[in-house]
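Given the sequences, and given the hints that come with them, work out the whole structure.
Chain residues, written in single-letter form:
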Amino acid sequence: MKTKKKWYDYLWILSLTYLILGFFNILFAWLGLLCFFIPLIISVVKGNKAYCNKYCGRGQLFSLIGGRFGLSRRKDVPAWMRSKYFRYGFLVFFFAMFFVMLWNTWLVFSGAGELKEAVTLLWTFRLPWHWAYHGTLFSPGVAQFAFGFYSVMLTSTVLGLVTMVLFKPRSWCVYCPMGTMTQLICKAKAPRP
Amino acid sequence: MPKQQRKAKINTEQCVACGCCIKVCPRGAVAVPRGIFAEVDRELCVGCGKCVKECPASVISLEVVSI
Chain A
1 MKTKKKWYDY LWILSLTYLI LGFFNILFAW LGLLCFFIPL IISVVKGNKA YCNKYCGRGQ
61 LFSLIGGRFG LSRRKDVPAW MRSKYFRYGF LVFFFAMFFV MLWNTWLVFS GAGELKEAVT
121 LLWTFRLPWH WAYHGTLFSP GVAQFAFGFY SVMLTSTVLG LVTMVLFKPR SWCVYCPMGT
181 MTQLICKAKA PRP
Chain B
1 MPKQQRKAKI NTEQCVACGC CIKVCPRGAV AVPRGIFAEV DRELCVGCGK CVKECPASVI
61 SLEVVSI
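For the protein sequence lines, the chains are A and B, in the order given.
Residue numbering for the first sequence is 1 to 193, as defined by the UniProt record's numbering.
Residue numbering for the second sequence is 1 to 67, as defined by the UniProt record's numbering.
Any given hint could be a false lead.
Taking lysine-lysine and the DSBU-like style, the derived pairs with C-alpha atoms no more than 30 Å apart in a straight line are [what the hints assert, rightly or not]:
id, chain 1, residue 1, chain 2, residue 2
1, B, Lys53, A, Lys187
2, A, Lys75, B, Lys53
3, B, Lys53, A, Lys5
4, A, Lys116, A, Lys5
5, A, Lys46, A, Lys6
6, A, Lys187, B, Lys7
7, B, Lys3, A, Lys6
8, A, Lys4, A, Lys46
9, B, Lys3, B, Lys53
10, A, Lys187, A, Lys75
11, B, Lys3, A, Lys5
To be clear, the hints were calculated from the coordinates, so they are not data collected in a lab.
This is the structure in structure tokens:
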């Protein structure tokens, strides 16, 4: 039996488009904030994970590449990876790196730092990305945030692809910081038993 | 003699509430009502095991129940 596809089953197209646009104009990276705010708003307002459950385009992309195209070993993730220690630890680490990125953005906004036209992969490897930068109307800080945010998105995509191949297609969902955070919000909101 | 049937069982403690099981269930028997863990409607579940295979956290198993 095949379930009928809904409009939101095609949101992977947007996720893919987002990644591609970042190769042409880095300022499109700002759109990625939607993937941060929509799940948070849904969990705070509605108290559920409808974003993960229905709309997450990245999850759909992984299940398409890993599931439909078969680029996955479909093995269980190791026990440590689904443990609360790792999931919460990764959330904290991700947040710390996010604040470093915001700090670098602030430095450029305030004039104390210089715009670096690079995308940092896995928080370590600086890839030249100048070909996607064509100037900005506002402060260079706007572009610095775009480079930083795209780095976050590309890094998490790469991690997700690696665990997709090694384990199950949507292994990223197990340690996705947004997923962990929205689950925590839902836990906090749920009535005590 | 009681009838034996297989039903999906979720380890709610380790569930990440991603909802992959919802998407793959042909019977619409799984839901994540409060965003904390998935729940199976045992009336609807036929024990096909699709969610067991799909679950990225591997927290779903099939258990044999007598009805």
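Would you mind confirming whether the straight-line C-alpha gap from A/Lys187 to B/Lys7 stays at or under 30 Å?
holds, 26 Å
Does A/Lys75 sit within 30 Å of A/Lys187, going by the straight-line distance between their CA atoms?
Given that 30 Å is the threshold and the Cα spacing comes to 29 Å, the pair holds.
Does the alpha-carbon distance linking A/Lys46 and A/Lys6 stay inside the 30 Å limit?
holds, 21 Å
Could you grab the alpha-carbon distance between B/Lys3 and B/Lys53 and see if it respects the 30 Å cut-off?
This hinted pair holds, its Cα atoms lying about 25 Å apart.
Starting from B/Lys53, check that the Cα of A/Lys5 is at most 30 Å away, please.
holds, 21 Å
Would the pair A/Lys116 and A/Lys5 pass a check requiring their Cα atoms to be no farther apart than 30 Å?
violated, 43 Å
Given the hinted pair B/Lys3 and A/Lys6, is their alpha-carbon gap at most 30 Å?
Violated, because 37 Å separates the two Cα atoms, which is more than 30 Å.
CA of A/Lys4 to CA of A/Lys46, is that 30 Å or under?
Since the Cα atoms of A/Lys4 and A/Lys46 sit roughly 25 Å apart, the hinted pair holds (cutoff 30 Å).
Between B/Lys3 and A/Lys5, is the straight-line Cα distance small enough, at 30 Å or below?
The given pair, whose Cα atoms are some 35 Å apart, is violated under the 30 Å limit.
Given hint B/Lys53 paired with A/Lys75 - CA-CA distance at most 30 Å
holds, 9 Å
When you check the alpha-carbon spacing of B/Lys53 and A/Lys187, does it fall within 30 Å?
holds, 26 Å
Checked against the numbered hints given earlier, the structure breaks hints 4, 7 and 11 and satisfies all the rest.
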